[in-house]
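Mind docking these for me? Both chains are given alone in their own frames, and the hints should help you get the complex.
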Amino acid sequence: MKPRVATVWLGGCSGCHMSFLDLDERLIELADKIDLVYSPIADVKEFPRDVDVVLVEGAVANVEHEEFAHIIRRNSHFVVSFGDCAVTGNVTAMRNGLDTDDVLNRAYVELADLTPRIPRDYPTIAELLKQARPLHEFIRVDAFIHGCPPTADQIWSAVSELLQGKTPALSHVFLRYG
Amino acid sequence: MPTSTITISPVTRIEGHAKITIQVDGKGVVQDARFHVNEFRGFEKFCEGRLMWEMGGITSRICGICPTSHLITSAKAGDAILSVAIPETAQKLRRLITLAQWLQSHALSFFHLSSPDFILGFDSDPAKRNIFGLIAQDKEFAKRGIRLRKYGQEIIEVLGTRKIHTPWAVAGGVREPFDSAKRDYLLNWIPEARETALMALETMKKIHVKFQHDIPNYGNFRSLFVGLVADDGALEYYDGRLRVMDGAGNIIADKIDTAQYHEYFGEATEDWSYLKFPYYKPLGYQKGMYRVGPLARVNICDYIDTPLAEAERKLFKAIAGEAETVNNSFYYHYARLIEILFSVEKIEALLNDPVILGHNIRAKAMINQTHGIGASEAPRGTLFHEYWVNDDGLLQKVDLVIATAQNNLAMNRTVRQLAMQYMDGAKVTEGILNRIEAGIRCFDPCLSCSTHAIGKMPMHVQVVDEEHRLLCDVRR
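Protein chains in written order, with the working numbering: chain R, 1 to 178; chain G, 1001 to 1476.
A portion of the hints provided could be inaccurate.
No farther apart than 25 Å at their CA atoms in a straight line, the calculated lysine to any residue pairs in the SDA-like style are these [as the list claims (entries may be wrong)]:
id, chain 1, residue 1, chain 2, residue 2
1, G, K1128, R, D35
2, G, K1128, R, A31
3, G, K1128, R, I34
4, G, K1139, R, M1
5, G, K1128, R, D99
6, G, K1143, R, D153
7, R, K2, G, L1113
8, G, K1397, R, R117
9, G, K1397, R, K2
10, R, K2, G, K1287
11, G, K1281, R, R117
12, G, K1128, R, E29
13, G, K1287, R, T115
14, G, K1139, R, E29
15, R, K33, G, A1127
16, G, K1143, R, D35
17, G, K1397, R, E110
18, G, K1143, G, F1118
19, R, K2, G, K1139
Just so you know, these hints were derived from the structure itself, not from any lab.
In isolation and in its complexed conformation, chain G is listed as follows (with noise of 0.2 Å):
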């Protein structure tokens, strides 16, 4: 039987963003689909012979939407490689800029990109259908989505003088101390960013009965979850150690040591995608799919130590039922909408407890050690940086495993699942190109980690035939 590929590439192909194929047979029956990554810039080369110390500010230009979370994991590795454990300060004020980038970060994801398709339709024009169009709509709403980005970017502002690249955090600790005007001044915005966090649950929750019909098919099967996990299986972002559960929601690998992350974690490459395929060794690759980020560790965690996200999460988990996790992409949505509630009570605390006021915030060292592993709960999933260095600290190697591509696997079978279901021969619609963008827009992938594609991806497909000839064509 001939076959055809559909490509789906942004209209704008030539800027380089992701791309999505879509093989289907003589009949029309799709046999394949695959999400593509084309942009690269070669981090883990060219930081070969910096100074260790300078990986914090490079490796923060990975990405301008989570450099934060950038920042703290190479400090992290830093950390490793001056073998000190750092001050009790300088750790919960770690803890409180890694849980304001997660802030910021998913209400970017919520409210600027994806509250759109909720709020204006799937269906709606799509030249309206992004944040200005939010704000024509619904100017409360997005207002409110807005200061609460604006809240996340304040306190990294505070803690580190700019929004956007800080330098603050480094091997040892943090540079600046905290102070009580400056918490004040940030305690003053936690009633307004939890009221908005609650109304963006209820919001969730009348979307998830809106779109009954069409969420069975946003990439529901079961995979892997990994994610960090405190030793009492509470919610982590900062510390902790590697848990690794499966889709009925059995625990199959607990407590690893993130040092020892490449004794479970491998990488494969595919010659059609700058993005790397990440897959856990024991299972081997593609059957060691696994998903990581919000959804990951909303269903790993035994609880969250926070009492309002804490019972937010058990109705969430009541979606699956007992004998599953939350397996459905569809509710990654939902879960960061928890993590974003878990953040402010937790933002909350942290401000609220005085050792965040000491002076004592860095540990010097000299390098102690050659190899180091950082590790840290980005927005969107575990973080790892790995640095080799000589005895002078001078960067020898590098390797970076970045959350998103490890959610590529389960990307690429997202795509597949929505180009089956919705596809129906040659026949290529609007509202099907805009639900197969949906499902890649549920993993809110940072493909600037990577690539540089977020909103919209601006979508063109050609259906044609194995002699080439155009069967069809869509444009949005």
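Extracted from the complex, chain R is given alone in its bound form (with noise of 0.2 Å):
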């Protein structure tokens, strides 16, 4: 049986999701060797039982991500901190010294021309956490990939290792953030 695959995006910019694209033609290699069995570019309906390896873009920043991230380690074998957001909060934590009410104000009250107000108490909006953190600040991670994103040949080289049963042991080239 092929290695069962998902790819998870939490608070990040899917800049990681589209270096993994940036595999190009080598997706074609990896179609025969994976089952991907989550992903946004997939139709997929719930997060699996029993994944074998899942990379997880993006750091935890509303409840919602909080709670999945809890299903992700559960249901995984082998669970990837994916890119800088996922490793260190990075950008998605950018706004972690000041109020969150703050933040919202400005986007939603001061920046609004009409209807001014903060989207909140309504079942299809996720509160935000105080502060956006890694994902290891939440469950146990068991390789971290770098990079704001991480290049194709970083997540290749880290992904055959893996498909190879291996922690990937990266390179010190590919140990550098931004």
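Structure follows, in structure tokens:
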């Protein structure tokens, strides 16, 4: 059976997923090697059980991310923090020094021409956490891939090792932020 | 009559993607439907206190799909703050990277994300309805799409040293000059890219026939269309001024300087979505609904100044006839492919222009204004960055009007139309879910600019009555 691979997108810009797509023709090779069982680029219904490897992009920024992080951990054998937002909080955490109400107020009240109000207390609205935090502060993480975003070569190197059942030992050239 | 609410949300609603709710009355007749976005990061506040020079690097992190559009728009706001006219070489290089951004983003939308619906079918196995399923079904088609996106990304990397989040454009110009070896490398790709663009358009014409019974329901209504147009009326992507056209094809406002956009466009807020609701001020909220992006741009321009794309534009316009603009949101897909072809033709022309090899690439100046507005056409529509700085160039206030947000009212209208067309009381089928989802997908919403739902939204629909009893539960 092919390894069951998932990718998840929490509080981030999707740049890490775009870099994953920058694998380009290597995606065709990957299609033969894995089952993509959950991903924002695929039609999937819920995070499945028995995921072998999951790449998690983004910081944990709201209550839904936090709840989801625990489901990811419960259902996955190997969890990878995928990119700088998951690893450090990065740009998503730039609001951390500010009060969440001030941040929301600027966007939805001060910059609104009409009906200024903060979206909240509605079932479709995910409440922000006071701070956006890295994934490993919420769940155990098995490996980290740095970069904003990690390059496609870096992702290929890590994924290739993961698919051989190894913890990726990234050479120093890949250990950079930004 | 008691009413009930149907919530269509990602099964992974804990992940926080977009959601759709549909309200039906006691007879099962749809009363309303809404498209909700539930993610927020707060760039407009936390950028305060940063240097204007950093804004390109920071705001490109708004979105990994269209970072270069944010970079260019940020640099243009910086140009205004420096009060400089940038060198011609820099302007043409910025044009080149803007088109590369269109190319890679539009290729992603059509090949990687939407074509699984078209090639595998709306009713095909959801587990395989993705890029990997497409590879299994038609490897050659998938590979062509992958390589077209790759070409756009290669141009960005050749110019800016990285594919995603390049810091290459700055206030006053660009950081690095171009050279003839790089030009020749990129020119070699043109024949393949053009062939793929034409092949995609032929595929779209078949799709048009294949789905002719479905298409009339995909957000088919009149609205305003807004975008940048060149001074001679040509399709524009980097500069130009704003044009507003109504659904009958009348130009109701034209040659609006982008620095005046606030006089014409406002934003409303609703408590049920993190995505704001821009509207055209002269007509007010709701009536001032407008659409931006490929459909708007191809509708509002007088012509396209590249021959192959112009020929396709004329065919496209014939869909609607003389008296109308193309009002059906399904044709966003079609317009996007015309823009891919345009981008390839225009990239070739720019690469063959000797001006891009110049070494005068950056106008240097200090802070000369404390306020600046930048605008350009991002893949999904007109993007505005507005900055207020102090004399040292430290940001005092930031206002970002994102392309996808400007389609918010129209996306809600589309969801409502699809729900009314396909919903039959409390019965919710997989086919209905997929069609409502596909309605949103026409707009190619770049929700990472506000949230982060690309690809297919996994869905979970529950119909409950007013006592919260479950009437129907469908997942896929």
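Outcome of the hint check:
1. K1128/G to D35/R: holds, 10 Å
2. K1128/G to A31/R: holds, 11 Å
3. K1128/G to I34/R: OK: K1128/G and I34/R at ~13 Å, within 25 Å.
4. K1139/G to M1/R: Satisfied, since the Cα-Cα distance of roughly 22 Å is no more than 25 Å.
5. K1128/G to D99/R: violated, 43 Å
6. K1143/G to D153/R: Roughly 19 Å between the alpha carbons, so the hint for K1143/G and D153/R holds.
7. K2/R to L1113/G: holds, 24 Å
8. K1397/G to R117/R: holds, 19 Å
9. K1397/G to K2/R: violated, 51 Å
10. K2/R to K1287/G: violated, 53 Å
11. K1281/G to R117/R: holds, 19 Å
12. K1128/G to E29/R: holds, 17 Å
13. K1287/G to T115/R: holds, 15 Å
14. K1139/G to E29/R: holds, 11 Å
15. K33/R to A1127/G: With Cα atoms ~16 Å apart, K33/R and A1127/G stay inside 25 Å; holds.
16. K1143/G to D35/R: holds, 19 Å
17. K1397/G to E110/R: holds, 11 Å
18. K1143/G to F1118/G: holds, 16 Å
19. K2/R to K1139/G: holds, 20 Å
The structure fails to meet hints 5, 9 and 10 from the earlier list, while all remaining hints are met.
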